[in-house]
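J.: Work out the full structure, taking the sequences as your base and the hints as a guide.
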Amino acid sequence: MGYTFQWGQATGYIPYLAGGALVALQLAFFGFAIGMVIGAACAAVKVYGPRAARRAVDGYISFFTNTPLLVQIFFLFYALPDAGIFLDSYEAVLAGISLNASAYLAEIQRAGFISVRRSELDAAETLGFSRLQTIRHVVLPHLLKTLYAPLANHYIVMVLGTSIAAIFGVEELTGRALNINSITFRSFEIFTIAAAMYVVLTVAASASLYWFGLYAFRVRAKVF
Amino acid sequence: MLATLSAEAPRFFTYWNLVFLATALGNTLVMVAVGCGLGVVAGLGLAVLRAKRIVRFAPLRWAAILIVEVFRRIPVLVLLMFVFFTFQLLGLNVRALFVGALAILLRSASLFAENFRAGLESVHPNQWDAAEVMNLGPLATLRRTVLPQAWPVILPPLTIGLVGMVKATSLASQISVLELTFAARQLNQRGFSALIAFGTILVLYFLLSFAIARLGAFAERRLVPKHRRA
Amino acid sequence: MFLSIDALSAGYGAAPVLEGVSFAVERGEIVSLIGPSGSGKSTVLRCLVGLVRPSAGRVAIDGVAVDYASRAAVRGVRDRLAIVFQQYNLFQNMTALDNVTVAPLTVKRWPRAEVMEEGRRLLAAVGLGDKLGAYPDQLSGGQQQRVAIARALALRPEILLLDEVTSALDPELVTEVLDTIRGLAARGMTMLVVSHEMAFVREVSSRVLFMDQGRVIEAGTPAEIFDAPRTERAREFVTKILRH
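Residue numbers (our numbering), protein chains in the order written: chain A, 283 to 506; chain F, 409 to 638; chain U, 47 to 290.
Calculated pairs, EDC-like style, for lysine to aspartate or glutamate (alpha carbon to alpha carbon, straight line, at most 20 Å): (1) Lys177/U to Glu164/U; (2) Lys427/A to Glu389/A; (3) Lys154/U to Glu164/U; (4) Lys504/A to Glu522/F; (5) Lys286/U to Glu270/U; (6) Lys154/U to Asp537/F; (7) Lys154/U to Glu540/F; (8) Lys634/F to Asp144/U; (9) Lys634/F to Asp183/U; (10) Lys504/A to Glu477/F; (11) Lys460/F to Glu522/F; (12) Lys504/A to Glu529/F.
Hint data in this document are derived by calculation from the structure and do not stem from the laboratory.
Just so you know, these numbers come straight off a predicted model, no measurement behind them.
T.: Have a look at this one:
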């Protein structure tokens, strides 16, 4: 076999890799935030918009959910310069992740919007709630309860998805692992540790989001 | 833009390029077919190992849970790298295509295991009870009544998962598998515009996605009896 | 004694489900268990058929004790006892005929022609001769329960256990199922019945046991239990029931 394991050396890199995990969380978070805004707009169009606009949004969502994220980012990275838009690696990755997320988050939010039943709104009206009050006391709590689990779930999917950024040189967890690999060539140990870190990261994120949902919104959400 | 595209098209869609794209498409399909084909079997196996009514030996159930949870939480790219370097470590000279298929297999098995589990759990326990008191063994019960009832719950997310795996094959481009994304990069590097190179690939992925949706519908027709279709 | 149950107990901790239940069933007898909800009547049946593990006690068939810890012994008991559930529990993906024939074919491995013939006969006997190809969701509750009874009978059990088989049915459908059971009684089937249908219990039973909170409070003939209950609790229960 001719390969001696050197876990000692590899474990020394854990702090560096942990930093990469933070970058991954951050990248996923920004992508999620931007995706939520665009997604909300898309969802609104799909529920309330005219037919042509709805079709357009359908096409948009279909495009981003049926093609690989990697190719979407390549497309942005290599095709946009031809149209005069120049993005650096991080920007292209963030744009790709955000647009990709917006499609999925649009569908999740749309499901949330249409789950608010007419009867709840009618009841609020007869009880004398104003439009704003209805939204604050009836619609938002309902949306929160319905949407928290799928949204939290998707966030974690996105955290795993950030590993793609490594291909474009972004130094998140996978990127850092590749960096170390090119220096030390302790490939097996490094990637085992990186894989383990993703597992730990997502378990921690799942647990945190579960408890947060429980205490902040009183939602029992099975997250990822 | 449309003008430059139509100008470029005849240069792009040459015989050689089409053969190149066909090869790439073929490799993508091999990874999906082999990886997911075996992944479905492995996923069902893992779901069965998790089922309390089939496996009484708790540690075996916990092992299955552990395997599924761990492999679900590793990004495909990392898994790919891990498999790649493991083979390197073992001194085995395997084709990158095989590495890609194996990574897809590992990922899809854990993904599908969750789908199968949800399906099996959706079948009411009293179906298991009725079979048990007639001495119908757990595997026969699974085969004859539980799995048939579970398909409507298993198939839709399974189909979506399959599309996800097709998209995951794009990462195999990073270990130089000649699949669709790799082909697009190559063509782009050879001077074709990103628009036509990646655009064509995007259309091909779209078509694959559509084909899988049809496959899902076909499976539904074959596995879910008419009177129980959604 | 055909089936004897001695000090059967089940459930653990502060609230055991069964405590020291004892009784016997002879061949051809129909023994009924009555009592309020939660008295453990269904649990007795579920213990006999191996769905619930007894914590103490002895169950014997023809004098031979059944070891519920042994899988082979449990399989043996299930060969001789058949149970019909309150919720029918028909296999949703199979037709009525398939439901009835699946176990004889795959478990008992009896010859196919014989099994199919018997299956058709049994379904006809319960009045469903024209519904052989129907799926459970195409049948009414009463029809499904009758298929469940045919399914249990297809295994040629020595004792039939009936667990509140009419409790989940709309009132109009109860009669057809009770008629089926009357037919079985007339043909000498040994049965252990858990039911809330007091008139029916009184009519068919050889003996009635009143249970409450996991114990057998009183046992006797239907006349004794319904007309002259000796214990306070039995008297309370019977008056409440008969007032309807």
